[in-house]
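Colleague: Residues per chain, in single letters:
Number of protein chains: 6
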Amino acid sequence: MRILLINPNTTEALTERLAASARMVLPPDAELATVTARRGFAYISSRAEAQIAGAEVLSMLAEKAGAFDAAVIAAFGDPGLSAARELFDIPVTGMSEAAMLTALSLGERFAFVTFTPRLAAWYGEQVTRAGLGGRFAGTFTPEDGFSDIRNVAEDLREPLLRTCLTASKTADCIILAGAPIAGLADEIAGGVPAMLIDPVRAAAVQAAGLCRLFPAGASHGSFARPPAKPSTGLAPALSRRMSPPEQN
Amino acid sequence: MRILLINPNTTEALTERLAASARMVLPPDAELATVTARRGFAYISSRAEAQIAGAEVLSMLAEKAGAFDAAVIAAFGDPGLSAARELFDIPVTGMSEAAMLTALSLGERFAFVTFTPRLAAWYGEQVTRAGLGGRFAGTFTPEDGFSDIRNVAEDLREPLLRTCLTASKTADCIILAGAPIAGLADEIAGGVPAMLIDPVRAAAVQAAGLCRLFPAGASHGSFARPPAKPSTGLAPALSRRMSPPEQN
Amino acid sequence: MRILLINPNTTEALTERLAASARMVLPPDAELATVTARRGFAYISSRAEAQIAGAEVLSMLAEKAGAFDAAVIAAFGDPGLSAARELFDIPVTGMSEAAMLTALSLGERFAFVTFTPRLAAWYGEQVTRAGLGGRFAGTFTPEDGFSDIRNVAEDLREPLLRTCLTASKTADCIILAGAPIAGLADEIAGGVPAMLIDPVRAAAVQAAGLCRLFPAGASHGSFARPPAKPSTGLAPALSRRMSPPEQN
Amino acid sequence: MRILLINPNTTEALTERLAASARMVLPPDAELATVTARRGFAYISSRAEAQIAGAEVLSMLAEKAGAFDAAVIAAFGDPGLSAARELFDIPVTGMSEAAMLTALSLGERFAFVTFTPRLAAWYGEQVTRAGLGGRFAGTFTPEDGFSDIRNVAEDLREPLLRTCLTASKTADCIILAGAPIAGLADEIAGGVPAMLIDPVRAAAVQAAGLCRLFPAGASHGSFARPPAKPSTGLAPALSRRMSPPEQN
Amino acid sequence: MRILLINPNTTEALTERLAASARMVLPPDAELATVTARRGFAYISSRAEAQIAGAEVLSMLAEKAGAFDAAVIAAFGDPGLSAARELFDIPVTGMSEAAMLTALSLGERFAFVTFTPRLAAWYGEQVTRAGLGGRFAGTFTPEDGFSDIRNVAEDLREPLLRTCLTASKTADCIILAGAPIAGLADEIAGGVPAMLIDPVRAAAVQAAGLCRLFPAGASHGSFARPPAKPSTGLAPALSRRMSPPEQN
Amino acid sequence: MRILLINPNTTEALTERLAASARMVLPPDAELATVTARRGFAYISSRAEAQIAGAEVLSMLAEKAGAFDAAVIAAFGDPGLSAARELFDIPVTGMSEAAMLTALSLGERFAFVTFTPRLAAWYGEQVTRAGLGGRFAGTFTPEDGFSDIRNVAEDLREPLLRTCLTASKTADCIILAGAPIAGLADEIAGGVPAMLIDPVRAAAVQAAGLCRLFPAGASHGSFARPPAKPSTGLAPALSRRMSPPEQN
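Which chain is which? The protein sequence lines are A, B, C, D, E and F, in order.
Count along the first sequence from 1, add 1, and you get the number used in my numbering.
Count along the second sequence from 1, add 1, and you get the number used in my numbering.
Count along the third sequence from 1, add 1, and you get the number used in my numbering.
Count along the fourth sequence from 1, add 1, and you get the number used in my numbering.
Count along the fifth sequence from 1, add 1, and you get the number used in my numbering.
Count along the sixth sequence from 1, add 1, and you get the number used in my numbering.
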């Protein structure tokens, strides 16, 4: 099976980091390709940026989805996830949702640990949207700042470890949230008495599993494909995907 | 105070219909201007369309917000609402949210009545997102089809009335959801034993009220303006709004 | 429009303080009159006092409601609010509910800050009753005592500011709860990174808005006027309001 | 132990009916006395009436509580219950709450069956207030009218039985709600495949049990007695109960 | 009435301690007998142990239930409770559930205090299972260790008192959870500003009350007795209880 | 990877049916072995039977777990699931939980469809226990009876199809609950406008995925292995698994 990892951020180095982590857990019959956003932001960190990136995710999927069996939206906050599920004929997974569902199969309560309090409310909204508040122990962040988003995992390694220790007092599972700290779970797992979930791995494994169970992805009910519809001003591939044949 | 009504649909006739309804309830010191989306869909009716329209709402606001004291996003489902609150220095309201909050001040439970079951799940997600499930009596729709989205309010008048009668068995307030039926509340109110809420009026009154209480809109906490940030490929006004000065 | 501010406490100085704050945000076509409870307590601060005050609110409204277009119950905890909505033909708002609904349109989570822990449980019950627990960050109070209820806003200004700083770590909006600290929001807003909501202002703006949308107030469903009914021992105006014509 | 059954309605015949039902389940060491409201309504059936009756309950308790070991507020909707718990030094129980808690110890989900849809919303609010929505299957009522509130149990016996059969499809326990149908449970139990709870019996048994466990009733935390406080215009016994010694 | 106290732990000394505490609150017409598990663990403290003990509870009840009017499962966590209700023709109560329901009739929010953090998650699951999360203030434990499970109440008396003081900041009622600290409530009640609930007493009083209201216990709806069914390898008494007559 | 499918029912034919369905979706590097309960019931259909079967699951796992990389508990209702997670060093999944988590990644709301109303309450409790009530559309069952549990999928094929059509009005995903109808999803999927989830497949795919992510299964927090502890009367393998070395 061919899985497409879509990085909604415009930073290619991040795409590689995420893909490398995901590839470590894929089943033998799966291969992972990547695509990086050309429009948007180096690193999404607000609701406004996610709104814009989510639309760009749809454009990227419209260009590429036909060649893949599943897709992973590789930004915490899952920009465009439910829209993508509605529109494309393959399973689509997201880092936040996959990490939370993985946590639900491993422990009673889960927490988010991330690198800046600025992201806490937005991340918390993912929990509400998913209706999982009853299993959520909160978002925990270090108080320390960092010098550069590219070095967060290194700069904040000790503070993040301490934050995980705090979170593990009330949570069985800790989700290390935010693409810049992908891979950190392996490094600190030995020091934290909780299960540490790396979201991109959870999303990749979930995508592979859904391929076996529902190769057409979300396809019915409120996720049935919306009727074709003319549009104005969309990127060409997306316009074609959404339009009735006569408009193409 | 100057209020901007933003129609995220590309249908200008709908803009006028909504604005006319909203103007009937504005306070004497408020005036309402309108803008209609140039990109997107004649009428948004899926999550995917809302994702795209929400990004377009941000572009429209980036062009216009400086000249207004408040803005109303005039599509049920509130595309772009929380992103807009985060980004702009004026109160921004949305039809779904304003209608729900109005309902909470008039009765114990509210229902949505809309013209097609296709919209029910997406509308229900607004309730979950807002954490208001405990006050929600459900979404009710007629089983009848309609010939043309532009004539829904007329074609389905009788079925919608019957649907409202059903909804009023469990709901004190009924929100007539979906821009195509704006204005219907006045026409059928006499025949329904529930309070009928016209969402665009609720959103306009809420915008005027927030102007008096919080002229800068949502401005703190997780809605503090995100740090300026370079971007790629955005509409010029939106890029300028989000970028650091040196990029402009 | 004529709005009646009802102070369920017997302290006239408080009535003036609240009315002054409310008048600062009323629309140009609204005027505000006041009435102060003649029965009850100088300052309501328990469930038992609220039960008694709520009945008195109904008596006050029975005497005055005919001359007004809307009413505001000006005590946190909203004594008599749902009963008043059921009984009178105008919109009635309450400080707790209006403050919470305003918070929902400005941020993701709200907190109460008040001047004594004694009120925390009773205030928290307003959140439960309204079904808004999913958006609630808790009630925060200073540990400091105060010399006199009339000077609370002055005596506790610094401790309340510190308490607001704590609350703003988890809440986007802070509701300054309790009539004795009405007006404090303006004074400390500059020092707190959250939106500070003054409940009496929220309630006044909401009353004005509901006048435009639903001049008859809550009028249907479970808030339809109860059938006229004989009564024993009620205040004359209230007895007349509730009784069948023949008993009057 | 001496238990006081307080009927917040002014109908003495109802008091007797309720007391007779309660006496059938009291333990051998308990005796039950009664008091009937002198102010208020023949039968409480709205939020406004409950607000007034709740204040009267406090007056009745202030006169009588000293001579009793526990009290039962014998009207569904529990007017004045939390206020009474706060104010008096004995356990106080209410019909709605006791019936719900009994249901929780017998089955997974409970329903209310009552004689008129008019009461459904108000009764449902008791569930919300108690935070028990997750165990609630709804309120069910017959569509048939009745000739006289005093004959409801007889007039509606068949329709109520049919309503119970419907409710038993989703509920393990059915609470026969409303004082006018006290005693009906025994008569129809054989025909309904659910446990039928008679609220006044549940409240009496709960009162007797709390006497053994907590003879001072709710006495701490947010139910600690409020500080004594001067008041104006209250019934003498209630004023004395709430006032500081010097005022008496 | 004859009540059977079933200790699912194999420690007889614990049985006596629990029975002595329960007897102090039984009504005059109730007597309490005991039975101690012969299979299982000296003290249940994990989900796995509770799973095994719950099956043993059914065996004990199958042997004894015929001679009793009610039964109390005397281990916090209520092993086997809902299974026992389904299977036997008498009321069955459990310490966790009875303590929580008692708390709901005395205060707004309740907390658990127990002697080791290891039990917190398992105890918290009882709250979720009962749907009472909205009234729950959390589980609080001392940080101190203890030398021997048999001396916990003595070894940890001071730390438990301090923990109760912390818990009483947010909870009106504190449930002293875990059989090893049965009886502690009386000793420290004077020093804690909250109502302290001793679970075995709550369960005994509830059992006596249910005997008066529903002598057949949970008997209908989803708790109707399951159809008789052949089984393999069960303890003889349990096999007889569950099997069709021909298999016996 | 070697996955063990544990059938807690004693019917070997059912084991084969479930294994055959699961094998159709396993990844190429996974093989599935099975074990069937020797103690218990031909088909578990009550809480009491599940309590007993859950203990037997632990015994089976104690005998076999050492030779496997993951285990699937193949009975809806997941008897013994959280106990097994706590006790064994491999991932353990259950049919109810895995089906629900799969549903959450494919649609907004899920429903259960099963073959008899008798199971509805017990199945619904799985939803509550998992905290997923906000995404649950209910349990739907045909009214028709069946001749023999072994022929349910055939006897009730048409009624189950009709029931699925009803459920699909409010649910995006339908979980076909109960081992006797394993495999039915494939047969009727073409006729139902919802995603039909076969629980044993969901559980097998989840087990394979967890092997890649967390080979030691749930291992920390409240799922850390409980301390070794002497026991009385347990099956030898289980006793050895739980005991301290000296007792073995």
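If you're looking for bench data, these hints aren't it; they were derived computationally from the structure.
Hints should not be assumed to be uniformly reliable.
Remember, identical chains collapse to one label, so a pair may be satisfied in a single copy or spanning two.
[What the hints assert, rightly or not] The list that follows gives simulated cross-link-like pairs (lysine to any residue, SDA-like), each with its CA atoms no further than 25 angstroms apart: (1) Lys65 <-> Val36; (2) Lys65 <-> Ala14; (3) Lys170 <-> Pro160; (4) Lys65 <-> Ala31; (5) Lys230 <-> Ala122; (6) Lys65 <-> Phe137; (7) Lys65 <-> Pro246; (8) Lys170 <-> Glu188; (9) Lys230 <-> Ser148; (10) Lys230 <-> Glu17; (11) Lys170 <-> Gly184; (12) Lys170 <-> Ala225; (13) Lys65 <-> Glu13; (14) Lys65 <-> Gly135; (15) Lys230 <-> Ile189; (16) Lys65 <-> Lys230; (17) Lys65 <-> Tyr124; (18) Lys65 <-> Lys170; (19) Lys65 <-> Thr167.
Note that the structure is a prediction, hence the values are computed from the model and not measured.
Colleague: Hint by hint, note whether the structure agrees.
Modeller: Outcome of the hint check:
Proximity of Lys65 to Val36 under the C-alpha cut-off of 25 angstroms is restricted to the intra-copy arrangement: shortest distance 9 angstroms within a copy versus 34 angstroms between copies. Proximity of Lys65 and Ala14 under a CA criterion of 25 angstroms is satisfied intra-copy only: 20 angstroms inside one chain copy versus 36 angstroms between copies. With identical chains, the CA atoms of Lys170 and Pro160 are at most 25 angstroms apart both within one copy (16 angstroms) and between copies (19 angstroms). Proximity of Lys65 to Ala31 under the C-alpha cut-off of 25 angstroms is restricted to the intra-copy arrangement: shortest distance 17 angstroms within a copy versus 30 angstroms between copies.
Within a single copy, Lys230 and Ala122 get their C-alpha atoms only as close as 35 angstroms, which misses the 25 angstroms cut-off; across copies the closest is 20 angstroms, which meets it. With identical chains, the CA atoms of Lys65 and Phe137 are never at most 25 angstroms apart, being 35 angstroms at best within one copy and 34 angstroms at best between copies. For the identical chains of this complex, Lys65 and Pro246 are intra-copy neighbours only, at 19 angstroms inside a copy versus 35 angstroms across copies, given an alpha-carbon limit of 25 angstroms. Taking the shortest Cα distances, Lys170 and Glu188 sit within 25 angstroms of each other inside one copy (20 angstroms), while across copies they are farther apart (30 angstroms).
Proximity of Lys230 and Ser148 under a CA criterion of 25 angstroms is satisfied inter-copy only: 16 angstroms between copies versus 47 angstroms inside one chain copy. Within a single copy, Lys230 and Glu17 get their C-alpha atoms only as close as 36 angstroms, which misses the 25 angstroms cut-off; across copies the closest is 22 angstroms, which meets it. In this homomeric assembly, Lys170 and Gly184 come within 25 angstroms of each other (Cα to Cα) only inside a single copy, at 23 angstroms, whereas the closest approach across copies is 29 angstroms. In this assembly of identical chains, the alpha carbons of Lys170 and Ala225 lie at most 25 angstroms apart only when taken from different copies (13 angstroms versus 42 angstroms within one copy).
Proximity of Lys65 to Glu13 under the C-alpha cut-off of 25 angstroms is restricted to the intra-copy arrangement: shortest distance 17 angstroms within a copy versus 34 angstroms between copies. In this homomeric assembly, Lys65 and Gly135 never come within 25 angstroms of each other (Cα to Cα): the closest approach is 37 angstroms inside a single copy and 34 angstroms across copies. For the homomeric pair Lys230 and Ile189, neither the shortest alpha-carbon distance inside one copy (49 angstroms) nor that between copies (31 angstroms) is at most 25 angstroms. For the homomeric pair Lys65 and Lys230, the shortest alpha-carbon distance inside one copy (20 angstroms) is at most 25 angstroms, but the shortest distance between copies (28 angstroms) is not.
Neither within a single protomer nor between protomers do Lys65 and Tyr124 lie at most 25 angstroms apart by alpha-carbon distance, with minima of 28 angstroms and 29 angstroms respectively. Proximity of Lys65 to Lys170 under the C-alpha cut-off of 25 angstroms is found in neither arrangement, the shortest distances being 43 angstroms within a copy and 32 angstroms between copies. Taking CA atoms no more than 25 angstroms apart as the test, Lys65 paired with Thr167 passes in neither setting, with 42 angstroms inside one copy and 36 angstroms between copies.
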